[in-house]
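Trainee: Spelled out from the first residue to the last, the chains are:
There are 2 protein chains.
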Amino acid sequence: MAIKYEFIKQCKQSGARLGRVHTPHGIIETPTFMPVGTQATVKTMSPEELKALDAQIILSNTYHLFLRPGHEIVKKAGGLHTFMNWDRPILTDSGGFQVFSLSERRKITEEGVEFRSHLNGEKLFISPEKAMEIQNALGPDIMMAFDECPPYPATYEYVKQSTERTSRWAERCLAAHQRKHDQGLFAIVQGGMFEDLRVQSAKDLTSMDFPGYAIGGLSVGEPKHLMYEVLDYTVPHLPFDKPRYLMGVGSPDALVEGSIRGIDMFDCVLPTRIARNGTTMTSQGRLVIRNAKFAEDFGPLDPNCDCYTCKNYSRAYIRHLLKADETFGIRLTTYHNLHFLTRLMKNVREAIMNDCLLDYRDQFFAQYGLLDNDKGF
Amino acid sequence: MAIKYEFIKQCKQSGARLGRVHTPHGIIETPTFMPVGTQATVKTMSPEELKALDAQIILSNTYHLFLRPGHEIVKKAGGLHTFMNWDRPILTDSGGFQVFSLSERRKITEEGVEFRSHLNGEKLFISPEKAMEIQNALGPDIMMAFDECPPYPATYEYVKQSTERTSRWAERCLAAHQRKHDQGLFAIVQGGMFEDLRVQSAKDLTSMDFPGYAIGGLSVGEPKHLMYEVLDYTVPHLPFDKPRYLMGVGSPDALVEGSIRGIDMFDCVLPTRIARNGTTMTSQGRLVIRNAKFAEDFGPLDPNCDCYTCKNYSRAYIRHLLKADETFGIRLTTYHNLHFLTRLMKNVREAIMNDCLLDYRDQFFAQYGLLDNDKGF
Numbered sequence: 001m002a003i004k005y006e007f008i009k010q011c012k013q014s015g016a017r018l019g020r021v022h023t024p025h026g027i028i029e030t031p032t033f034m035p036v037g038t039q040a041t042v043k044t045m046s047p048e049e050l051k052a053l054d055a056q057i058i059l060s061n062t063y064h065l066f067l068r069p070g071h072e073i074v075k076k077a078g079g080l081h082t083f084m085n086w087d088r089p090i091l092t093d094s095g096g097f098q099v100f101s102l103s104e105r106r107k108i109t110e111e112g113v114e115f116r117s118h119l120n121g122e123k124l125f126i127s128p129e130k131a132m133e134i135q136n137a138l139g140p141d142i143m144m145a146f147d148e149c150p151p152y153p154a155t156y157e158y159v160k161q162s163t164e165r166t167s168r169w170a171e172r173c174l175a176a177h178q179r180k181h182d183q184g185l186f187a188i189v190q191g192g193m194f195e196d197l198r199v200q201s202a203k204d205l206t207s208m209d210f211p212g213y214a215i216g217g218l219s220v221g222e223p224k225h226l227m228y229e230v231l232d233y234t235v236p237h238l239p240f241d242k243p244r245y246l247m248g249v250g251s252p253d254a255l256v257e258g259s260i261r262g263i264d265m266f267d268c269v270l271p272t273r274i275a276r277n278g279t280t281m282t283s284q285g286r287l288v289i290r291n292a293k294f295a296e297d298f299g300p301l302d303p304n305c306d307c308y309t310c311k312n313y314s315r316a317y318i319r320h321l322l323k324a325d326e327t328f329g330i331r332l333t334t335y336h337n338l339h340f341l342t343r344l345m346k347n348v349r350e351a352i353m354n355d356c357l358l359d360y361r362d363q364f365f366a367q368y369g370l371l372d373n374d375k376g377f
Numbered sequence: 001m002a003i004k005y006e007f008i009k010q011c012k013q014s015g016a017r018l019g020r021v022h023t024p025h026g027i028i029e030t031p032t033f034m035p036v037g038t039q040a041t042v043k044t045m046s047p048e049e050l051k052a053l054d055a056q057i058i059l060s061n062t063y064h065l066f067l068r069p070g071h072e073i074v075k076k077a078g079g080l081h082t083f084m085n086w087d088r089p090i091l092t093d094s095g096g097f098q099v100f101s102l103s104e105r106r107k108i109t110e111e112g113v114e115f116r117s118h119l120n121g122e123k124l125f126i127s128p129e130k131a132m133e134i135q136n137a138l139g140p141d142i143m144m145a146f147d148e149c150p151p152y153p154a155t156y157e158y159v160k161q162s163t164e165r166t167s168r169w170a171e172r173c174l175a176a177h178q179r180k181h182d183q184g185l186f187a188i189v190q191g192g193m194f195e196d197l198r199v200q201s202a203k204d205l206t207s208m209d210f211p212g213y214a215i216g217g218l219s220v221g222e223p224k225h226l227m228y229e230v231l232d233y234t235v236p237h238l239p240f241d242k243p244r245y246l247m248g249v250g251s252p253d254a255l256v257e258g259s260i261r262g263i264d265m266f267d268c269v270l271p272t273r274i275a276r277n278g279t280t281m282t283s284q285g286r287l288v289i290r291n292a293k294f295a296e297d298f299g300p301l302d303p304n305c306d307c308y309t310c311k312n313y314s315r316a317y318i319r320h321l322l323k324a325d326e327t328f329g330i331r332l333t334t335y336h337n338l339h340f341l342t343r344l345m346k347n348v349r350e351a352i353m354n355d356c357l358l359d360y361r362d363q364f365f366a367q368y369g370l371l372d373n374d375k376g377f
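In the order they appear, the protein sequences are chains A and B.
Take 1 as the starting number for the first sequence in full-length UniProt numbering and just add one per residue.
Take 1 as the starting number for the second sequence in full-length UniProt numbering and just add one per residue.
These aren't lab readings, by the way, just hints derived from the structure by calculation.
Please note that the accuracy of each hint is not assured.
Given that identical chains are not distinguished, each listed pair holds provided it fits within a single copy or across any two copies.
Said to hold, decoys possible - Each computed BS3-like pair below joins lysine-lysine, with the alpha-carbon atoms no more than 27 Å apart:
#1 293 <-> 76
#2 180 <-> 293
#3 160 <-> 323
#4 323 <-> 123
#5 203 <-> 4
#6 323 <-> 75
As the structure is a computational prediction, the values presented were derived from the model and not from experiment.
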């Protein structure tokens, strides 16, 4: 098996667990947050910077790389690790989510999804088998099964049929996967906001032998308390000895709440996307650096942060760079936001070790200015 | 005097000279190329990267910083060095060139120039005194006198009057400059493409005691042989014991030809600007990385280069990043181009030391694919 989960300990205050995911490119301490490098680069960052801010694993997108530059080119380059000069673990999604959210005029059949490229309108097709072919060519440590992610809200009947198809597709993915020795394939539990469908999905998928399980279809517009409810009734149906990955979630509060519910891995474009607009995550909550009040503020972005950005640059300078459309400003906010989340997850791991994650949550939320979980980021 | 020129030796093959410019923030080995950081940042680069690629001094723009964020804010931040986290020497231009080329509806009088901001149309005024006030607030090691840069072509009469005014403005700059102890003010020789006006300008300005002299008004559209002619008859009228700075010139061939003619300092946006379009300088000449032929080229940008970009990334990857509008691609091409020029200048200094700069030029031009000097970059 390419991927192995090592359980270390559970927090006495919750279902949170400390562990390690062993991959062909090294060990990931969990719970962990994975920065997103959609097009084989975490926007604005170098690999060295990602290592300096303690990114243990990054995510890249099958859909985008399939469209451009094409998985065959990445394969010829020696795989994604060589192509992008990143020697730590990589996870690629299956393209499912993007096919449904980015492409135009998609048509879903039992065979797969026909869609038009959002870049040039080209007609393309991804099936479970194709998603495996692409990811086998890209060569990440962790691949994702090709799933259908239903929108929110959606009817029970729609979600039921979609979830059942996702299970059938998962089986086809498992059969088509050609590199089980050095790439681990995770299945994706769907089921929308319906408990019986989530439980059924988890049962279907755990009856097949995947080295890890993701929970998909969350953070798609539903209120956060609903997401936490879904986790509460889904996670218990996932195997204890496999990593659990909550897809598309990256707000600080949800990372903590997800960890409390036994999630090991998270990914989201949130920290990098908001950084490009000048919104930063700080120990006192969100800070929009473009605001006029920071024009003559010569202190750091976050006085409680020791990252490269906060050690060397002032709010006034970063604000100037963003107002002047200077790339280096976005580098600085991106670095800081990613560092904020990797440090948060380090704190979460320490709190699990010390059996005090609920106390840590309350303290963090109070400082961060979160009064209830739905406010979020 | 804040700025001192130390002569080391002249190349036996030409007027090229090896030297050192001593500044409050350290020593610059000359001849040197200065990367341009228009808005208090060399586009896409961090200070650490600039140091790694051996940038000894950078240039920033008075006009841009006056408009945004405003020189008073930079002053309150502790000056430009602190504001942008750069502890090596900085040179700022006077804003003269930008007032004439970027702003709208400018009106030149003996007092100064009234113009409208290219950002918001605000009516503004820069005089020699104002240019000094701004640069004294910004705090660079080297400041430039406020000059008028005539267009090319221009009539003899126009250039004559403009050049005489530039001399009168230089005198006013010298009188208004408040920080002679820690900021060196360079004068700018103008005179268009007219020998007698260039010589007169040089005489006027050298009769005043500036610690350095620039040659302005070149690389404004004239053929390169004309630029070299101007250097040939102007440089001999500049003092031997002061640094000589050729403004706005940064093509590889012109850096070598300028050095041969006794120039010590150069600046230009060329390497960083073309990098953002994917045009790179290599030992075999220019290489446009977006070209389809590089899609499956897994070799480095320049096989004869040992920079960060060339050691770690392939042409195929850099092409992918640029096609996908990814910032990291521009970081890589920018780094490479700047490294290419700093290494070129290092080679030029070594060739002067070894009395073989003309031989080096011929060899470099042949390899670079330059058949005559006007082809340039």
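Trainee: Give a verdict on every hint.
Mentor: Each hint tested on the structure:
Taking the shortest Cα distances, residue 293 and residue 76 sit within 27 Å of each other only across copies (15 Å), while inside one copy they are farther apart (51 Å). Within a single copy, residue 180 and residue 293 get their C-alpha atoms no closer than 54 Å, and across copies no closer than 34 Å, so neither meets the 27 Å cut-off. In this assembly of identical chains, residue 160 and residue 323 lie within 27 Å of each other by CA distance neither inside one copy nor across copies; the values are 48 Å within and 40 Å between. Proximity of residue 323 to residue 123 under the C-alpha cut-off of 27 Å is restricted to the inter-copy arrangement: shortest distance 20 Å between copies versus 39 Å within a copy.
For the identical chains of this complex, residue 203 and residue 4 are intra-copy neighbours only, at 20 Å inside a copy versus 78 Å across copies, given an alpha-carbon limit of 27 Å. Taking identical chains as interchangeable, the C-alpha atoms of residue 323 and residue 75 lie at most 27 Å apart only when they sit on different chains, with a minimum of 18 Å there against 40 Å within one chain.
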